[in-house]
Amino acid sequence: MTSDPTATEFSLPTQWLIAVRNRRDREAFGHLFDYFAPRLTAMMLRSGMSRAIADDVVQDVLLTAWTKAAQFDPARAQASTWIYRIARNRQIDILRRERRPVPDALDTGEEHTEQDAHQALALDQESAQLRAALAALSPDQRDVIEKAYLGDLTHTEIRQRTGLPLGTIKSRIRLGLERLRHELKEIR
Amino acid sequence: MNRNATHHIPDEIIEAYASGLLPHAFSVVVAAHVSLCDKCRATAEACEAVGGVALDHIDGEAPAQDLRARTLSMLDDLPDADQTHARLPRNLPITAPQPARRGIFPGAVAAELGDDGPRWKSLGAGIRQQILTSGPDGTVRLLYIPAGKAVPDHGHGGLEMTLVLQGSFSDHTGHFAKGDVQVVEDDLEHTPIADDGPACICLAATDAPLRFNAMIPRLLQRVFRI
Numbered sequence: 001m002t003s004d005p006t007a008t009e010f011s012l013p014t015q016w017l018i019a020v021r022n023r024r025d026r027e028a029f030g031h032l033f034d035y036f037a038p039r040l041t042a043m044m045l046r047s048g049m050s051r052a053i054a055d056d057v058v059q060d061v062l063l064t065a066w067t068k069a070a071q072f073d074p075a076r077a078q079a080s081t082w083i084y085r086i087a088r089n090r091q092i093d094i095l096r097r098e099r100r101p102v103p104d105a106l107d108t109g110e111e112h113t114e115q116d117a118h119q120a121l122a123l124d125q126e127s128a129q130l131r132a133a134l135a136a137l138s139p140d141q142r143d144v145i146e147k148a149y150l151g152d153l154t155h156t157e158i159r160q161r162t163g164l165p166l167g168t169i170k171s172r173i174r175l176g177l178e179r180l181r182h183e184l185k186e187i188r
Numbered sequence: 001m002n003r004n005a006t007h008h009i010p011d012e013i014i015e016a017y018a019s020g021l022l023p024h025a026f027s028v029v030v031a032a033h034v035s036l037c038d039k040c041r042a043t044a045e046a047c048e049a050v051g052g053v054a055l056d057h058i059d060g061e062a063p064a065q066d067l068r069a070r071t072l073s074m075l076d077d078l079p080d081a082d083q084t085h086a087r088l089p090r091n092l093p094i095t096a097p098q099p100a101r102r103g104i105f106p107g108a109v110a111a112e113l114g115d116d117g118p119r120w121k122s123l124g125a126g127i128r129q130q131i132l133t134s135g136p137d138g139t140v141r142l143l144y145i146p147a148g149k150a151v152p153d154h155g156h157g158g159l160e161m162t163l164v165l166q167g168s169f170s171d172h173t174g175h176f177a178k179g180d181v182q183v184v185e186d187d188l189e190h191t192p193i194a195d196d197g198p199a200c201i202c203l204a205a206t207d208a209p210l211r212f213n214a215m216i217p218r219l220l221q222r223v224f225r226i
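Those protein sequences? They're chains A and B, same order as listed. Just so we're aligned: the first sequence equals residues 1 to 188 in the UniProt record's numbering. Just so we're aligned: the second sequence equals residues 1 to 226 in the UniProt record's numbering.
The set of hints was computed from the structure by calculation and includes no laboratory data. Quick reminder that beta carbons are idealized off the backbone N, C-alpha and C, glycines included. Some clues are possibly wrong.
As the list claims (entries may be wrong) - Distance windows between CB atoms, simulated:
| # | chain 1 | residue 1 | chain 2 | residue 2 | range |
| --- | --- | --- | --- | --- | --- |
| 1 | B | Gly117 | A | Arg97 | 38 to 48 Å |
| 2 | A | Gln71 | B | Thr6 | 23 to 33 Å |
| 3 | B | Thr6 | A | Ala122 | 24 to 34 Å |
| 4 | A | Arg97 | B | Ala100 | 18 to 28 Å |
Claimed, not checked - Some but not every residue of chain A turned toward chain B, in silico, with C-beta under 8 Å:
| # | residue |
| --- | --- |
| 5 | Glu27 |
| 6 | Phe29 |
| 7 | Gly48 |
| 8 | Arg96 |
| 9 | Glu146 |
Model the full assembly from the supplied sequences, consistent with the hints where possible.
Here is the structure:
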């Protein structure tokens, strides 16, 4: 998808990441920084990191995005998803003081096809629906999702914060995800 | 490579992995299985899309004022290729990338094994194991079971996940070949037997060991760590 005529239909962060991937575009990287750095900072602070370490991690994540941009495939992930994965990996490495086990990368290198472009666009649209679905959740449910994905790294910590018994929390996470999964089916 | 397993990891465990909530021992099994199974990879990536959307939604917090300038000024010094971890200037710990897959071992397992190994320890009857990591949240080990032998009972109630890396085993719940995962919750009575052919090599994660066991088995378990 090196010259993709439909690229302007992607969400802005995905467009910026494609520009970084294809042209090492520094202006686009600046946009990525401006969009993600505050979000990533908030994510790191939620897990109890100090500001100084959060800054280091945010920088690390965005520089990793710059160097690994060649691996970004908009047919499989939006920019937010791809950067979320990098960030969560680093966050867990640091908080648990051991390397998070990650799946082997798929062999890339096969040519991007026309079908990939359609797949990428479809994924982008599904993600917009997912965003709407998340916005439509009750504040309680959204809170549980955000805590699970962006904050604490254990159920136990969630229990301590909300005072709810563990079983209830697990079922609430599952309930929230159940509703999201409906949207996710299309992505799968 | 054929990545069509027939026994998968339940969605909620993949969700727990994708969101970062799953303890390390089980995360090793999930990462290894996803390396061998496109279906579960798709599930994991779909879950990460939830994480991405949540990241879009979050109220931002201002990073340090000079972070933008510092970060952009570092772009010149960075490699383009895949050696990020080796050359990023870092104050942070854990900078080495996860190793590549080695033989039958996906990278997530190779990382636990280190440069050499496995270093098998005999459990008798030709059965061997190596404990990879063991902590309060769980234990993950490699098991080596010759054809016709029973997989030792390594669960103690709670959650038990066993991924086949070589050979296969069977019990009354089914037949498990390379890439398949058997997930057992609580105390399912089962006796997996390694099938004919090459020895069966499994990666098995269990909850914190020994918690509810009687005294004598506990002493024996301490000896064998099984």
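So, going through the hints one by one against the coordinates:
1. B:Gly117 to A:Arg97: 38 to 48 Å: 22 Å, violated
2. A:Gln71 to B:Thr6: 23 to 33 Å: 29 Å, holds
3. B:Thr6 to A:Ala122: 24 to 34 Å: 28 Å, holds
4. A:Arg97 to B:Ala100: 18 to 28 Å: Since A:Arg97 and B:Ala100 have Cβ atoms about 23 Å apart, the given range 18 to 28 Å holds.
5. Glu27: Not OK, violated: A:Glu27 not within 8 Å of chain B, min 10 Å.
6. Phe29: 7 Å, holds
7. Gly48: Cβ of A:Gly48 sits 14 Å from chain B, so the hint is violated.
8. Arg96: 7 Å, holds
9. Glu146: Holds. Min distance 5 Å.
Hints 1, 5, 7 from the earlier list are contradicted by this structure; the remaining hints agree with it.
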